[in-house]
Amino acid sequence: MQNDIFKSIETLNKATIESAKRLGDINMRTFEKLAQRNIEVATDYLDGSVQQLKLMGESKDIQAAAKEQARLGAELNEKFVEHAKKTAEVLNEVKGELTDWAQDGMKAVGTPLGNGSKKAA
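Going by the working numbering, the sequence shown opens with residue 1, and the numbers climb by one from there.
No wet-lab data here; the hints were simulated from the structure.
Just to be clear, a hint being listed does not mean it is correct.
Stated by the list, open to error - With a Cα cut of at most 25 Å, we get these calculated BS3-like pairs of lysine-lysine: (1) 95 x 21; (2) 95 x 85; (3) 107 x 21; (4) 86 x 33; (5) 7 x 107; (6) 54 x 67; (7) 7 x 21; (8) 67 x 79; (9) 95 x 107; (10) 33 x 79; (11) 85 x 33; (12) 21 x 33; (13) 107 x 14; (14) 95 x 33; (15) 79 x 54.
Since we're looking at a predicted model, the values are computed, not measured.
Work the whole structure out from these sequences, hints included.
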């Protein structure tokens with residue numbers, strides 16, 4: 001009887017540890033992907049700022065500068081829209097992984113702890 005209880009607890013602990021490891025892996029991959037997205041956004045933002053400053057420093061004609069500045073702003077806006085789309089893709093991917101993880105956890109909850117230990121009785 002006690003052996004069955006200990007085996008059940010051991011099985012539960014192993015399942016819990018595996019589930020936690022899997023969640024940790026999902027979180028780490030998500031963090032890495034989102035950190036990469038942030039680096040790309042920051043790089044584009046800084047590049048856009050440098051281009052704006054360069055334009056202001058080199059420009060002789062205010063109308064041409066305003067036109068070029070509007071073009072740079074539109075270009076930067078397009079990049080940020082693309083970054084938002086890519087970030088949404090990452091989050092949707094993670095949503096799927098977390099849904100699978102949660103469903104697997106619910107299946108494990110539905111499995112009796114003494115599964116396979118009845119033969120000892």
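Hints, one by one, checked against the model:
| no. | hint | verdict |
| --- | --- | --- |
| 1 | 95 x 21 | holds (17 Å) |
| 2 | 95 x 85 | holds (15 Å) |
| 3 | 107 x 21 | holds (17 Å) |
| 4 | 86 x 33 | holds (10 Å) |
| 5 | 7 x 107 | holds (19 Å) |
| 6 | 54 x 67 | holds (14 Å) |
| 7 | 7 x 21 | holds (21 Å) |
| 8 | 67 x 79 | holds (19 Å) |
| 9 | 95 x 107 | holds (18 Å) |
| 10 | 33 x 79 | holds (17 Å) |
| 11 | 85 x 33 | holds (13 Å) |
| 12 | 21 x 33 | holds (18 Å) |
| 13 | 107 x 14 | holds (15 Å) |
| 14 | 95 x 33 | holds (14 Å) |
| 15 | 79 x 54 | holds (19 Å) |
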